[in-house]
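Peer 1: Going line by line, the protein sequences match chains A and B.
Under our numbering, read the first sequence as residues 2 to 339, first letter to last.
Under our numbering, read the second sequence as residues 57 to 488, first letter to last.
Among the clues, some could well be false.
[Claimed, not checked] No farther apart than 27 Å at their CA atoms in a straight line, the calculated lysine-lysine pairs in the DSSO-like style are these:
#1 LYS192(B) - LYS235(B)
#2 LYS309(A) - LYS161(B)
#3 LYS235(B) - LYS141(B)
#4 LYS423(B) - LYS85(A)
#5 LYS408(B) - LYS192(B)
#6 LYS114(A) - LYS222(A)
#7 LYS141(B) - LYS132(A)
#8 LYS298(A) - LYS235(B)
Just so you know, these hints were derived from the structure itself, not from any lab.
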Amino acid sequence: MKKSVILGAATIAGLAAGAAAAGTVDDVKARGKLNCGVTTGLVGFASPDANGEWQGFDVSLCRAVAAAVLGDASAVEFVPTTGKTRFTALASGEIDMLARNTTWTFSRDVDLKFEFVGVNYYDGQGFMVPKELGVSSAKELDGATVCIQTGTTTELNLADFFRANNISYEPVPIETNAEAQQQYLAGACDVYTTDASGLAATRASFENPGDHVLLPEIISKEPLGPLVRHGDHEWGDVVRWTLNALISAEELGVTSANIDEMAAGTDNPEVNRLLGTEGTLGEMLGLDADWAARAIKVDGNYGEVFAKNIGEETPIGLARGLNAQWTEGGLLYSPPFR
Amino acid sequence: MADQTTNPIAFVAEGTIPPSPPPANEVGVVKWMRENLFSGVGNTILTVISLILIYLVLKNTLPWILNGVWNANSLAECREILAGKTGACFAVLTERWPQLIYGFKYPTDAYWRPNLAFVLMLVAIAPVLFFDLPRKLLIITALYPFVAFWLIWGGTILVPLVALIGCVAAGFVFQKLGKNSFAAGFFGAIIAALVVWNLGGALIPEGASENAVLSPVPSRDLGGFMLNMMLGVTCVSLSVPLGIALALGRQSDMPLIKWVCVIFIEFIRGVPLITLLFVASVMLSYFFPPDSTVDLFLRVVIMITMFSAAYIAEVIRGGLAALPRGQYEAADSLGLDYPQAMRLIILPQALKISIPGIVNVAVGLFKDTTLVSVISMFDLVGMIRGPILASTEWQGIYWELFGFAALLFFVVCYGISQYSQWLERRLATDHR
Chain A
2 MKKSVILGAA TIAGLAAGAA AAGTVDDVKA RGKLNCGVTT GLVGFASPDA NGEWQGFDVS
62 LCRAVAAAVL GDASAVEFVP TTGKTRFTAL ASGEIDMLAR NTTWTFSRDV DLKFEFVGVN
122 YYDGQGFMVP KELGVSSAKE LDGATVCIQT GTTTELNLAD FFRANNISYE PVPIETNAEA
182 QQQYLAGACD VYTTDASGLA ATRASFENPG DHVLLPEIIS KEPLGPLVRH GDHEWGDVVR
242 WTLNALISAE ELGVTSANID EMAAGTDNPE VNRLLGTEGT LGEMLGLDAD WAARAIKVDG
302 NYGEVFAKNI GEETPIGLAR GLNAQWTEGG LLYSPPFR
Chain B
57 MADQTTNPIA FVAEGTIPPS PPPANEVGVV KWMRENLFSG VGNTILTVIS LILIYLVLKN
117 TLPWILNGVW NANSLAECRE ILAGKTGACF AVLTERWPQL IYGFKYPTDA YWRPNLAFVL
177 MLVAIAPVLF FDLPRKLLII TALYPFVAFW LIWGGTILVP LVALIGCVAA GFVFQKLGKN
237 SFAAGFFGAI IAALVVWNLG GALIPEGASE NAVLSPVPSR DLGGFMLNMM LGVTCVSLSV
297 PLGIALALGR QSDMPLIKWV CVIFIEFIRG VPLITLLFVA SVMLSYFFPP DSTVDLFLRV
357 VIMITMFSAA YIAEVIRGGL AALPRGQYEA ADSLGLDYPQ AMRLIILPQA LKISIPGIVN
417 VAVGLFKDTT LVSVISMFDL VGMIRGPILA STEWQGIYWE LFGFAALLFF VVCYGISQYS
477 QWLERRLATD HR
């Protein structure tokens, strides 16, 4: 910072230099660091631990991309963004990619000029009720009071769902998730509704999580995924195929435990192509041959990342559900590495 | 009866009667309570209600505080230790203490640097706040910003050194040229500073910070209450002089200066601080290329300083307007020129009137520094709302964290307020 701060003149010179920007891949390589936008904190998805190290589901993807491009999973500058600053940070070039549980919608993709490179978590709006209410389906919620965050899409989804099922409800408008927790626990509402992953995380923080249940209905589609700027397709491909490599690795049975063994060569040609022992996929991407192997080595394949951060063994305890491989009834379906 | 005849005078006091103690309900605690708490039906009722309220509040909070758990690694562990009893989980404060104070990225082995900077700040600020101290201490105050910059950000010492030399050169030029013409001195000083900074900046070798004594810390890594303190101290100390200049400028006879000041003040006061912060963090990055942006901390400091300077300018303008016209005329009749009149006659009186208002702005400004959490800087509130509440260990814990933040801010703001009251008493030379 020193010179640009003290010598304001430097910025003017920089203005001219910045006009001729190269592709993001080259920028990242020249910088030696990946600027990755994450949330300022969301349980299980991204938060710094007691030592200040970023951890979480979205964070793992940043590290995987850094490992693929730069060969060093720690060469990531995590740029915390809020819901309000995330898109400008990406559009202005402050960050190279955004991995911040962002829902892929038409207007964000088309109007805001971003490119969603895939989906790393299929979320949807769910309901949480106290167990003692004895409700097992959202359709039994006729006449319930519902805590709902105002001004969000969840509010509209809720109205749609209740109207479609011809049942009534009474909304209790609240502002933040923290307030919602307090209101719900204080009994101000029978039901709390927000994204299912958020509900699970909220429930995990309760004193007696077992007293509350998540209802099986998911009433909206919230595909969350990493995104990059429109127009830089080389960079978009790198991020997209890093994500796909993690997903394919799980499908093909490549884990952080057996990757060294498999990288020596296997009988499965797709594994070999993925890990770079066959074919020239890395070269086509502008990277070296074992880019995907490095990305998988960081935190393991998609399934391992999921299990470690938000899976059933963690306090958040999310089931794979829609996020299982397509072979197991989920939606994860990576295009072939060929 | 017989005595009456021999002694026509019934009784002669031969000494003073020893004072008897006042009636029990006119002394000590009882009297105080009778006068202050139970002096009438209405007041008695209010007292009883207040006592009940205080009891209710304490009944609920005291066990919570006294039962508090100070050693645990997560909220779940806290709850296990408490085993169903009410009690706070202060363990989050002990476990995340460094994060609350310094942010989560400031290097652990460098915590002594902000600590030292804080202690030095107390030393440097003392001669400004308490003018009974020897004036020579002001030299420390003048050097402090450069030392503090070096301590907190680390890196090569050449940067603050060049900045310091630039300032010294500017001061020197101003002394030389300013005697004849203020404008010549003013612009000469700016040019001198820019020349020194550019020359010095070119002389600093590339990568000088890499092997410096103090490892460099980027602004992004600052956080916690340290960030609030840094923003508060920097912005208050910058905005007071700027505010004075704006207030004087607004009263100027020169139309250009007057209108620049008026437009600046009115524009800034008409815009919410949070908008300015968004402009600083979001909009400005569109104007600068990604590689050579102005440091985020500096952008925020500029915006907050501009904001509070506009308010302070209006407060001081109030002070200037409150001075009787005769004071200005008295200064003129003594043959003082404008800077002398301002420095010796007008401003000392106007500033004294403005103290409560300035302190008000300063306290408000200090609390407003928590707004930077919305532009993803991790100040104290940002740390709590973001990383700590989003960690799997501590999510779901609110009262302890926000109570702690409130306590820290209260201590500082109450201190500022007490100082200003002392200052008003100290300066009370008015004609009561």
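Peer 1: So, for every hint listed, does it hold in this structure?
Peer 2: Outcome of the hint check:
no.: 1; hint: LYS192(B) - LYS235(B); verdict: holds, 24 Å
no.: 2; hint: LYS309(A) - LYS161(B); verdict: holds, 23 Å
no.: 3; hint: LYS235(B) - LYS141(B); verdict: violated, 74 Å
no.: 4; hint: LYS423(B) - LYS85(A); verdict: holds, 22 Å
no.: 5; hint: LYS408(B) - LYS192(B); verdict: holds, 23 Å
no.: 6; hint: LYS114(A) - LYS222(A); verdict: holds, 21 Å
no.: 7; hint: LYS141(B) - LYS132(A); verdict: holds, 23 Å
no.: 8; hint: LYS298(A) - LYS235(B); verdict: violated, 70 Å
When each numbered hint is compared with the structure, violations occur for hints 3, 8.
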